[in-house]
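Listed here are the chains, written in short residue letters.
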Amino acid sequence: MHDSSNWDWDIGKKQIADIGKWKDMFEWVEEPCASPDGEKVAAVVKTGDMEFSVCQNGAAWENTFDKVWHLRFSPDNRLAGLVSDMGEWTVAVDEQAWESRFEFVWNPQFSRDGSGITVAAQKERKYFGVINDVPWEKGFFHITNLATSLDGKQTAAAIQTVPFSEGEIFKFQEGCYSVAVNGKTWDRNFINVWDMAFSHDHEHVAAEVRTSLYDYTIAVDGVPWNETFLSVWKPRFSPEDGSVTAPVRIGGKWTLARNGKQIWNSSFAQLWHHIYSPDGKKLAAIVAPEFGKWTVAVDDIPWRHTFGDLAADPVFSPDGKRVACVGKEKEKWTVCVNGEPWNSMSDMAWKPVFSPDSKHVAAKVEKNGHYTIIMDGQALKNDFEAVWDPVFSPDGEKILIRGIEGKGDDAKYCREVLSLKK
Amino acid sequence: MQTLYNFVSGPLVWLSFMIFIGGSLYRLISMAVLAKKKDPLVYVYMDWYYALRSIFHWIIPFGSENMKKRPVMTLVTFVFHICLIGIPIFLFAHVILWEEAWNISWWFISDPVADIMTLAVIASCIFFLVRRLVLPEVRYLTSYSDFVILAIVAVPFITGFWAYHQWFGYRLMLILHILSGEIMLAAIPFTRLSHALFFPVTRGYMGSEFGAVKNAKDW
Amino acid sequence: MAEPALKEESREIFDEGLNRGIEKLTSEKIEQVINAVLEDETGARLKVYVDTCVHCGLCSEACHFYVSFREPRFSPAGKVKQTLWEMLKKKGKVSPEFIRRASEIASTECNLCKRCSMYCPFGIDVAYLMLVVRRICHKLGVTPQYIQDTAHSHSATFNQMWVKDDEWIDTLMWQEEEAQDEIPDLRIPLDKEGADVFYSVIGPEPKFRAQLIYQAAVIMDAAGINWTMPATPGWDNSDMCMYTGDNEMMGRLKKAHFESAMRLKAKRIVMGECGHAFRSIYDMGNRWLAWQMPPIPVTHAIEFYYELFREGKLKIARKYETPVTLHDPCNIVRGRGLHEMARYVVNEVCEEFVEMHPNREHNFCCSAGGGVINCGPPFRNKRVEGNKAKADQLFDAKARGAKTLIAPCHNCHGGLEDIIHHYGLGLELKFLGDIIYECMEKGQGSEM
Amino acid sequence: MKKKRLAAYIAVSVFVSVFAVISGFSQEDVTTVHDSAFRRMMRPAVRFLHDDHNEKAEIEECSVCHHSYDAMGRKLEDESSEDMACSECHTLKNVDDPVPLIRVYHLQCKGCHLEKNAGPVMCGECHAN
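Chains as they are written, first to last, in my numbering: chain A, 1 to 422; chain B, 1 to 219; chain C, 1 to 448; chain D, 1 to 129.
The set of hints was computed from the structure by calculation and includes no laboratory data. For every residue, glycine included, the Cβ atom is placed at its ideal position computed from N, Cα and C.
30 Å max Cα-Cα, derived DSS-like pairs, lysine-lysine:
1. LYS37(B) with LYS261(A)
2. LYS281(A) with LYS234(A)
3. LYS116(D) with LYS75(D)
4. LYS90(C) with LYS47(C)
5. LYS332(A) with LYS313(C)
6. LYS293(A) with LYS330(A)
7. LYS123(A) with LYS67(A)
8. LYS234(A) with LYS37(B)
9. LYS253(A) with LYS29(C)
10. LYS351(A) with LYS267(C)
11. LYS184(A) with LYS171(A)
12. LYS442(C) with LYS46(A)
13. LYS217(B) with LYS47(C)
14. LYS351(A) with LYS398(A)
15. LYS261(A) with LYS38(B)
16. LYS398(C) with LYS217(B)
17. LYS46(A) with LYS21(A)
Among the chain A residues that face chain C by a calculated CB cut under 10 Å, a handful are:
18. TRP28
19. GLU31
20. GLN173
Distance ranges between label pairs, derived from CB positions:
21. VAL64(D) with ALA123(B): 42 to 50 Å
22. ARG188(A) with ILE183(C): 44 to 52 Å
23. TRP106(B) with ASP347(A): 53 to 61 Å
Please model the complete structure; the sequences and the hints are all you need to start from.
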C-alpha cells in the first residue's frame, strides 16, 4: 500500500469541491472519482462538440481529447484516464499523456503503491502489454487477462501464439495459447490460459490452463502441475514460501490444492477466491459447503453461518486473525466478520476494509439509494449521495470518509477525518 | 388342484404383497438416496405446492393440452387406469376375501358394473396393443418387454372375467387369475409398471421446476 | 424392437467435427467415457426417466421435427431410444458410427425446447437426457464443427464470436457516438461502479447486430435508468458451451459474467432479447456453480420493457400500425413464463396483435435454439425442413392478418428468418426492441 | 385331473347338503342355502345336500354345524340350533352390507373345508351358475 502517514489526518471535515456547480461549467459531467487521500475529486467532462477533458477539484485539464474514459485515481493519488487524442489512444496521468500511442488501450491496472500503471494495447492488429508507457517489444495476435505484479513492473497476459482460422477446431485443440510475461512467451502452448497471478517477489507467474478440452491444471512459469483436474480456479502464490495454491475440482466437488496436491480435507460444492493472510500462514476462501449455501472457510473449516444468495470479497485482517466478507441473503446485503454477520442489512455492500491494527472493519453500503459507511456493524455518519471506500489512518485511530453530500446543484464533495478513540 | 389353490391364495399372496410393498419401498427409497447423492438439486428445487399443482392437472381427465388433443387416448387411458386400480380393490369377491382374511371391509362395486369395467380394461389393453402395432411412432419405441408388460396387466383381467363367468376350466382359470394378479403386483416395482410409483415424483419435479423456478405451466 | 434406423439422408451430412471426431475413437474409449459419464455425472433422474417411460409415444406431437417429418425417429422418445437407451442397454459398448449419429441427433435434431416435457404424462425431461448425450459426445470429442468452434471462442475470449477485448469496447463507443447523432447527451456508461442495471448482451450483438446496443442505449436513456456495460470479458451472457456439453466451460463463462456484475456492484443484470443466454444465466450455469438462483437478479429484456411501461418510464409516441404476431421463445416462456408480459408490451406498442396458435407455453420451437442453428450450414436444411410445423403456424397467423413477426430472442430470430425465407412467408421479422425503439418518445429522461 | 374333479363334485354335493341342514330346509332333497337376511343375492345360491354331506364328512352331531353360544360368548357343547337361521344370531347391523353375514357362512363352510383339506373352496365351486 501507498504510505498514507503524510496525509492530512487532522480531525475534521474539509469541503474539497462544489461538485454541483460543475454541471453549469460543462456540457456533461460523468460520475466522479475521489483520490485515496480524499484531497481530490475528478470526473470526465464534455467541454465541446466531440471534445472531452477531465475536471479535477473544479478545474479542467488544459488538454482536451476526442474521448476520455476509465478515469481512476492511483493508490498514490495520481489521476489516470484512457484518452483518445487525434484518433490515437494512450493513457493520461495527471494531465500528461504518455508518449506511446496505440489504436486502442484498455484494462488499466495500478501497482500496489501506485507507481506502476499498466494497460493492454492494440496497434496494427498486434496486441501488447504496456508498463508505464513502455510497450512489450513483441506484439501478439490476441491478449486477454492482463495481470500486473504487485510492484507494477511486470505484466503477464494470456496470448495467442499460433494463428488459426475460425472453424479450425482440431488445430485449436492442439493448443494455440500461452502466457507472455513482459512480452516473453512461455515455451509451452495450451488449449486455454486464463487468470494469472504473480508471485510476491514478482519473479514467477502461475496461470489456470486447460491441457485438453477436459483437463485443467495450474502452470507455473510454463510448467503445468503433474496432476490434472476437472476444473480449476485462479491460483495464488503463498507469500511465505512461494508455493502455488489453487481451487481444484475433483469428482464433482471443489477443494484446495498446493503444487498439485490436495491440502484441504473437506470438499465443497464450490470453492474460489482463496486468499492468504498477510504472513502467508492462513488460507481462506469463499465456499459453498452445500449447494446454494455460501460462506467463508478458513484453513479448511467453513463458518457456520451461510448465505443463500452469495458470499464474496473475502479479506484478511492485517494480523491474520480475522476474515471479513460480504454476504447476500434474500436480496439484502451485509458484512460478515469471522462468521458473525452484521445486523445491518443494505441494498449493496462493498468489500470490507480492515484498520491497520485489525481492530475495526468498515464498509461502504447503499440503502434506499443513499450511501453510508458502516463500521463494526454501526453506521458511522449520515447518508451521502455518493461515498468511497473508507480509509483508516496508519495507526488505526482515525478513519477518512470521502463522500458527496447534497443533491444536484447543492452537491458538495468533502473529506472528513473522524477519531475512533472513545 | 385344491392344494395348488391353497398355495396361490395363501403363501403366494403374502409373497406377492411382500414383493410389491417391499419392492416399492426399496425402489422409492433407493432412488431417494441416489438422488440425495447424485442429484441433490432435485431436493433443492422440489416445491410441494407446484408439485401438487402439476400432479392435479395430470390426474384429471383432459387437464392437459396433450389430453385434449387426443380425446380417445385420454378417455381410454383414464378408463383403463381407473378400472385397473378400482376393480382389484372394490370388486365384491375381493372385498369378501379381505373380510375373511383380515375382517376388514369396504365399499364394493356391483358385479354387473365390475363386469363392464373388466371388459373396459381388456378392451383398453387391446387398444394399447393395436396402438403399439399400428401407430408408427409408438411401434418405433416398442420392445418385446412392452408386450410382456401389457400381457402382465391384461391376463389377470381376462382370467378374472373368465372365472367369474365360470366358463370352461373354471378352477384352472381361477388359479391363473390369482397367480397372474400376483405376478402383476410383484412386477410393479421392477418393471416399467413402476411408472405408477414414480409418477408423483417425476411429475412433481417437473411441476416444481416449471412452477417455482420458471413461472410457467407444465400441462 | 428394430435397430435405430440410420437413414441414408442423415449419413449424407458431412460435418468435420463429427466425421473427423470419430476417427480417433476406439470401442474401449467409448465404453469408458459413456460409463464414466453415466456413473459419475448422472443418477436418480436419468434412471427414473428411463425406467418410467412407458414407450407410449405421446411426446411425439410435441416435437416440431416429428410434426414436420412425421418420422418416428424424430419423436422425443425416439431420439432417446436411438441414443441413451442403446448406450444403457449395451452398457456403453457402441460403435464410433453410433456415437457420430448420437451426437448428430442430440445436437441437431433436438432444440432442448422442453415442449415434450409438457406432453409427457410423467414430465420426463428429454432435454436433460439429450444434454447427457451431448455431454458424452463432448467427452468423446464428437461435436459438430461450428458449435464446437463457438465453444472454443467462448473459452478463448469469453464471448461467442471471437470478439477481442478492444473490439468490444470500440463497438460500444461507436454505438454511443452513432446514437449521439440522434440524442446528443446519450451515454453508454462503461464500467460504472454502483449502477442499478448491468446490461449484458450476446456475442453476435457487437458483431452483427450492433444497432440493438444502440437501441438499448436509447431505451435506457429515455427511461432514465442508471446503467452500465462492462468493459471487460464477462459482457457476453451467451453460452454455447452449455449446449456442447462442456459444463466446465459453461460454469467458467457464467462465473465471469456474474462476477463482472458483482465487481461493478450492480443491483441486477438486465439482458437483451436472447433466450438461451437467459437459460444459461438463470437456470443452468448458476446451478453448475452452486448458486441456487442467480446471485445477482437477472431480468430479461421483455420483463424489463414490461416494467418500464408499467411504471410509465417509457412512453409511446405513435403505436406501430402494422399487425403483428408474436413468437414465444422457449427459454423465456417455458423457461421463465414471460409470455403475458410480452403480450402486455406488444399491446402497449402495437395497434393490432394477432395470436399465433399454439401459443404461450405451447408455442412451437423456432428449430434454431438449443444450439442447433449454431451447428451451422451442414444442418441448415434439416433444421428448416424440420420446422414445417412453424411455417404452417406462421402462415395461419399471416392469413389472419399478421404482417410483422416479433421474435424476442436471437436464436429464434435466426431460425425464423430462415423459415420465412424458405417457405416464402413474406413476414417482416423484428425484435420487440426494434418496435419499441421505432415508436417510443426518445431522449426524455436522460440525466447525467 | 379327472379323479380330482370327481372328488370335487362329490365334495360339492356334500357341502350343499350341509347347508340344507343349516338353513332348516327339507333335509332329504337337493336344495340350496337360503337366508332371508340376504336382501340382495350377490351370487347364485349354494347347492347343498345335507345328508350326503354329513355322510361324506362323517358328521353325526348336529351341533358341529348348528352351534350355539350363550350370552357370555361361551360355546354350549350340548346344545344345537338347527331350528334357527344363522342370521337370527349373526344379525346384520347394516342390512345393506351383507358382508359380515357372508363371512359367517364362508367361515362355517370354507373354513371347515380348509381345515380338513376337503370340500370345495373356490368361489365358483359352491356359487355355481
